[in-house]
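J.: Chains Z and P are the protein sequences, given in the same order. Using my numbering, the first residue of the first sequence is number 3, and each one after it goes up by one. Using my numbering, the first residue of the second sequence is number 892, and each one after it goes up by one.
Watch out, some of these pointers could steer you wrong.
Stated by the list, open to error - Computed cross-link-like contacts, EDC-like style, restricted to lysine to aspartate or glutamate with a CA-CA straight-line distance of at most 16 Å: (1) P:Lys-1064 x Z:Glu-63; (2) P:Lys-987 x P:Glu-1000; (3) P:Lys-1496 x Z:Glu-229; (4) Z:Lys-97 x Z:Glu-53.
What the hints assert, rightly or not - According to the in silico footprint, chain Z covers these stretches of chain P (three or more CB under 8 Å from chain Z): (5) 929 to 936; (6) 959 to 970.
The set of hints was computed from the structure by calculation and includes no laboratory data. By construction, the Cβ of each residue, glycine as well, lies at the ideal position given by its N, Cα and C atoms.
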Amino acid sequence: MRLRWIILLTIGYYFVVTSYFIFYNMTINNIYKLIVLLLLFNFSVYGQTGEITYKITHPEEHDDTDDEMKQVNNETTLMSFSLIFNEKGSFFEKKRNVPQNKYLATMAAIITLSKSSYFQNLESKNIYYNYKIGNKEYIVVDSTKMNSWTLSNETKNIEGFTCYKASKNEFNERNQTNYLREAWYAPDIPVPYGPAGYGGLPGLILEIEIRKGFVYYVSKISLNEQENLELPKLKDGPEISPREKVILMRKNRTETDD
Amino acid sequence: MTYRILLLLVLFTSGICAQVNLHGVINGSDSTLLEQVNILAFPQDKDVSMSYATSSEKGEFSLELKKNMTYKLTLSHIGYITLNDTLLVQSNSIPKNFILQLDKNILTEVVLNYTPPITVKKDTTTYQVDAFTDGNERKLREILKKLPGLTVDRDGNVTSQGKKVTNVLVENKPFFNGKSKLAVNNIPADAVLEIEIIDDYHETAFMKGLETSEEVAMNINLKEDKKNFIFGDLEGNAGIENKYKVNPTIFKYGEKATYNYIGDLNNTAEKSFTLKDYIDFEGGLSDNNISDILNSDLNRFLRNSEYYNNQHLFNALNMQFNPNTKNEFRVFAIAFDDVSNYETRNAKFYQTENITENKTNITNNDLKGLLAKTHYKYQPNSNTEIKIISKLNRSDLNSDMFNAVKFDTTNTTYNSYLKSKNTEVLVSASLKSKLSKKHTLTFFSKYNYQDNSGLTQWISPTNLFNSSIPLDIDENYNINKIIDVDKNLLTNNVKLYWIVNNLLHLNTFLELDYQSSDIKFNNYQNLSDNSINSFSNFSNDTENKYLKSNAYLEVRSYLGDILIEAKLNLESHNWKSTQIDSKAKNSETYWLPEINATWEFDTKKDLKVSYKSTSRFFDFDNILLRNQIKSFNSIFYGNSDLTLSVSNRFSINYRNFKSYGISYFPSFYYKKTNNPLIYNRSLNSIYSETKPLNGINPNDNYLLNFRTAYSHKYYRIRLTPTFEIASFHSIINNIEVENKRDSYGIDLSFESYFNHPLNYDIAFKHRLDKNKFDSFNNTSVTTDMYFGLRYEPENWKINTSFDQTFFKNKNITKTSSSYNSLNAEITYNKAESAWTFLLKANNLLDSKTRVITNYDITTVNEQATVLFPRYILFGISYRL
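Pulled out of the complex, with its shape left as it was, chain P reads as follows (with noise of 0.2 Å):
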């Protein structure tokens, strides 16, 4: 009985295992036992899992392989011919050996042209919006707040299953500037269709600091009738002393092109449109456009903050067009019109003639601006790029101003008058091609046209001039000076990218800049009886052309761990300078090297030194022959004997950086400028006249600063102390003066990312400024702390700022004074709801002036600006 059950389980089992043991032993033809067989088995049968062993020190080897299964059998070791079989396996006890043939073409060495095909693989979740709504929701973000999934902040910031969406696409374009917040705040709910969570992350940038995390895109689908749809801002503000601002912010999405458009119409001391709008109207900050865009006029105006009444009219109106995939046009118009009031009073100390100039200068500009650009890019593959850029500017400046001068025995009022007309015409076009995998071309041209004009006018009951001035005698005075520049520039740059091997690129460089400037001043007076009294030699008509045509070559290779970037520029400058009179040219060549070499210790901490040359040169301002007058009491004349002077900078920045915890970032810089451009002033009691040329001394810049930063997920502290020193030489009254100024200043800050609503940033700064020229010595000292508060409890934002400065002047004047500011900003939106109520203070304690010192090679100026006065705007912004 129980063998019978027995036989019977054995039989069972065996047929439910149904596994056979497949066993031999494997030799290489050259009857030696192989260790170490890579053998496969693949089933027939797709569902059936394949096998693997590897045979032992004496080339046995033993699979398990599923009964009446046929397998396809792979047989492989290095030094022998791969073996291919096929087995039908049935029953375990017959042995099967195999026979592996020797390889006679021993594989040593291949090279293999393989890439593997690109597959695109892109996860993507589709939301069809239908589904989830009822048909209440006004915008975007209200949708998305009913897709499971998805989560949006206050602000506009959308997260999917705990990835940030980092980049928003409309019907698969950027929408604006990609942001999410301006698509989830304002895209109406009905236009859209559907909505993709696109988990392909390449298409965006990276978080910064060197951590990645996972992030995804998101694309809204439109539906079929509503892809044109207008969306915006429209704020108004009202306060007491009959401030207002009127701000509306108007975007039109259509299917060829969106537009964008910004007015400010106010009166208070803040300016709607910012340098963040200015860089979104450019297309983003590129290493092309950052420099052009900070120093741009349109940037200082911007910037520009130190008056104290304001009237502002300022429309801005941007377009882009993306007609297909290749082609991108943007054009921009920006038209203002600004009239802003300003009042100065300063306290001059000359030092070598013991006198100090009270002057209250009190100004109305009226500044009027247009500036209108265009670009277009067009990408015919990813190996090319072409783009092309004009710009219009012109602007009118209208200014007047009030003056109250006091020194000596002199204490009088004259009036000034400024009106200025500039005109600038710019055409360029860049061309960015990969010729091939190891090179790539840039090509540059540029062509820039400027004409300025401008007429000054001081308007005197006294004779309050310089003596040089050969003025008649008037019951008013009433002196001119006209400038009219007429300049057209032409660059041309053309470099080559090599890349020979892993460990060096070769890149050289070939730049034309020509440059031609007709400039003609005029100063004169205009006699009460109508008639002129023209100064001579106080005017002149000059023709300027120069030349700068440049040539490098760059290396880049590493040198044992050392990344060594080296350059060696070849400069050639060429001038010619036509005045009435007289003629003047120069040819100066340079050979600029240029070193830089870092050691990357770990991706976090780095040691970087540099050495490099540079020239700069003169304006031509500097070698117009004969007297410009410049103020009531300075007189300015030219020198055309100038070269160029040439600056050496050494610098060593070491980074230590830690995401979280302590970093630092020690640097030290040095300066030498040799044959600097410098001033001889030759002086009496506050008139001054004034000719440029080259020092034989040079001047001597050092900077050392020593940045520390301690970070924590909640708050980060930072602690920079820096010290520094200028020294050059100057000529006052024929005798060479060394000025010398040393600083030293401590910032520390302490700024919270709480979660919870309340957070706070804390800042102090102080701050010595040691001005030493010849014999005398001048100590300013400057304390400034700062306090601000982010309140964000529930629909509320509460933002209030408090500044406090204490100034003090030793030596000279010995004055102290302070100044705070103290604004707030109050916000209520109820989630969801159009409208945002807000309530704003600027300078609630009052604060009257803010004052700073001033260098001159000759003065030391303590300068108090009137501020703008208190006010309290209350303000209602709707949301279309």
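Looking at chain Z on its own, in the form it has when it is part of the complex (with noise of 0.2 Å):
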């Protein structure tokens, strides 16, 4: 009992003391630049936004390359993607654009997986997407996008930025496939977003490959331009993780045990 009321009241006058010390320290101007610093809600020393413009390649094609195929390539020359970020994450997505054929760009916004658009969070390193199962709204947490790269020394030039390489093995679930995937990022925009949901890294991806011959890459940056950005809202669902989304879309589709 004693020894309670003891421990209790040195912390208690630790706490009393360094607080003294702190508040001694200060100027008048300085106490109140830090009430009002702490009172200031968004608080960052990191208070940056930017909007990064993506476009994508395609595979080359060649003269066995079938119409529909060379048609979804067309369609992806028409597209273009946006990363907007702010101090707690970002937010990757396909812009609008007149297709010239609807059904083709759908197809190639699959392949290009801009099909979905992404949330990425800055202290979680979770990305976060809606997806629709049966007629149900799900929220699908990513915890693979943003981790685990191996980085490596391999340098090349983006017009200006140096980047580095990094890369990951990914193992896909719906088709128990196993892909390297490889990203170049700059550490002079030292901002761990990326296009696809692929980020985590100490700088943003400026190139990465999204599948064979598609390719993922800067077109526009624009930084600090806006003071304070706003992230789009995810609609409300169930979190569930990519296995359970996978599992959800097999019994959705009535399939028996396999």
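Join these two chains into a complex; the hints should help.
T.: Shown next as structure tokens:
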């Protein structure tokens, strides 16, 4: 009983003493500054916003590339993507564009993984996106896209930005196959974001291959233009992991045990 | 003692780890402590992993580096110039501080011109075939079965490590139609040198639906001396009632050119050369050729199966020649001689006259045809494509008809003959060029020459004919009609596509379409004494010219969430007709808008609203003055005062698609036709005189359709209720009459896709047609049930289908009839054997006739068609 009281008093004493020393060492102005800063909600030294525009390449065409594939490739040349971020996270989406052929443009969006729009969270290093299964809206939480990179010292220069290569091994739940994902990031823009949910690197991803021959690459960088950049909101729904998403999709197709 | 051990341990462990901690503080040149500075340390030794850290709130950082290793350090922070440094790290203690220089050029906006280089990475697995085979294999499929990781199914579909092979190349070029079945089942095993599985699905089209999956291509490299080979199927069938079928299908594969021959000699109900083969000859379906193919004479001929007897000789040869990757040349020729017999029994009720005409018609058609076509495609680079097509079409039809007619007190027979010759030559050229990233230009030009001539003869022992025809009395009446049409058509168009920006496309189109038709006709009587009775006012010699020029501007843009595609079309129609003693001409101009608005709620759900105006030109046949005999009881007289009719179409289509589960597609369609082409008919008993004119009242068409589908992995159910109304006017005996047709229908079908050998399809259709003509009402009800079964256990394929139709005509004739059709086919082919045995049965229950109702502006016709009688065929097929 007594010991407890002694400990509590000691802690309290130390608290008072350190606070006194802090205040004692500050001028009146600084106290005010501290109070103001503490009161400000969006307090961050790191108050940086930006809007990045990406484009995408398509694989080289040969004479035996069939017409439909050529048209899908053509649709990708009409596409552009936007990545906006603030100090909390980022939001990536395919910008709207008039297609030559609506059906093939949708295929092109699926191939480039831009059918969904992705939110990246700075703190948790998770990505979030809405996905509809059956008639229900879900939020898929993927903790792999911004993690587990292997950094290499291979560099290349993209229009004045020194970029380093990072790679990671990805396992596709649906096909049960492995894929080596490679990205080029620029530490000069030290925000851990990138296209299609990829990020978590010591710099903005300027180039990343999303599927063989389809490479996202940066086309415009705009930083700190907007003081308060608000990200859009996710639609409400239960949170699921990517594995649960595959299972729910299978269930929705009313498949049997396989 | 313990001390020494401890010391050794400490030294030892520090020796193994040999890690050094590099720490310090990072300040900006403006004396601020920098948080979130990216610090990257790249070791000189590439085998050592790099290190990475970020600075804390107080600018403090800590990096674990390998001792005695030189590192290249990069420190970066937004708003500061990136600092690079090289360090050799030796010990822990000394802190290393950095100062980053404030970047005066604050990076706010930069536009890059960068495009990543294209790296071609194709994962290819190559199988050296000799290592896996023993020389006893006959065809490629047997080799594929022996290769690890590959599976082949009965039909010839191949998968590699679970991925589907969707494209088959031989020597890196597509193999005929590129489908794996043809290659797998036919390429001789001894010609194969090596097989490559290319994990690059970009060459192939994607599967239906919005799911994508991994697909691969297979390339077969041939042995040096085996680059030419022949393969195919020889099929022969024989059956009861003297039925036979001989059907060779031969392919020749060569380095320079490939050939494909299909032959068919048969007197059964089936044609071996199908629409699918025709599409393959044309090089596949595309936007450009789909309507030409479906509307072609050849397609109509292939689809016609109303005969009860047939002798068919058919030859089709296709050649493809690719001298190099830029040029593609295809030629095909089809020649056929087809003799078929038809019999129909008609009960035609003339509503205004209250008379029924019973007519039996037995026809023997001898059709000879020749179709030759060349396609040349030249692609000098990826931005340009030139296509040149030429076509020659020649057909001769000889028709013999026997007719028995009964109405009122008349009960007689007569014969009619038709000889028609048709020649057509066509040449077209098209150019598609991508001028720049934002502009594409297409140009098309076509010249077409057509020559049709026909002679129709009616031979009757009695004067059965329309009283307007000034016949001379004779023992035998022999009436002739000759028509000769010579047409020259020239079409040119150019279209410019302009991608203004992401949200706006502007396209402009210009077309000139010129047509010149010389039409001559003459109706006369051949008298028994060999002289001719020329009917005055029953012949004409005309020259007709028509020029249509049109231009449109098309805007495609997003308005909020809605994709708007709007077109404004300006059409100018100018025509001139010079006839025996008259001239007529007219000019008309129309502004025709078209607008489509699509709301895409998500990729599987959208709503489309459309409005479209189109014009329709009356064909020159309708403006030819003077009488033409159409049949023994009908005469036609043209009208040169005709104008075009304009249709306005409005439709709403909603689509809610689910790959699995319930999808629905409701749609509504309304069309109003102004100035429609209608007919003025004068009737006297079954004899009529018809004249075309433009109606004052518009025609209305409504269609409401609610298609619903349920998709399951193993089956699909479809339900489609339809409701349709069509109303139009006619002038009958100088009185304006409204015709109204209401149709209600419902279709229900079930298709199974089980993994096991037994699958079945069930369909049910019910349709009610109400025809209202003035005060007359006629209703016909048709119910159709279908059941199909596919049973495919090992080595066998058993297909059977049963169709039962009930037909009922209410009000007028009150007839009921039913007919059914039971067909079966059994095939036996032992795996990898070259021999296939077949047994085919057609119309097993020997159904005699099929009844349908036809409507005309003044008649309701119940038509019974005699069906192909029952037969059974036994056949053998040998795979070369």
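J.: Run every hint past the structure and note whether it holds.
T.: Here's how the hints hold up against the structure:
1. P:Lys-1064 x Z:Glu-63: 14 Å, holds
2. P:Lys-987 x P:Glu-1000: 34 Å, violated
3. P:Lys-1496 x Z:Glu-229: With a Cα-Cα distance of about 37 Å, the restraint between Lys-1496 of chain P and Glu-229 of chain Z is violated, given a limit of 16 Å.
4. Z:Lys-97 x Z:Glu-53: With Cα atoms ~13 Å apart, Lys-97 of chain Z and Glu-53 of chain Z stay inside 16 Å; holds.
5. 929 to 936: holds (count 4)
6. 959 to 970: holds (count 5)
Of the numbered hints given earlier, the model fails hints 2 and 3; all others are met.
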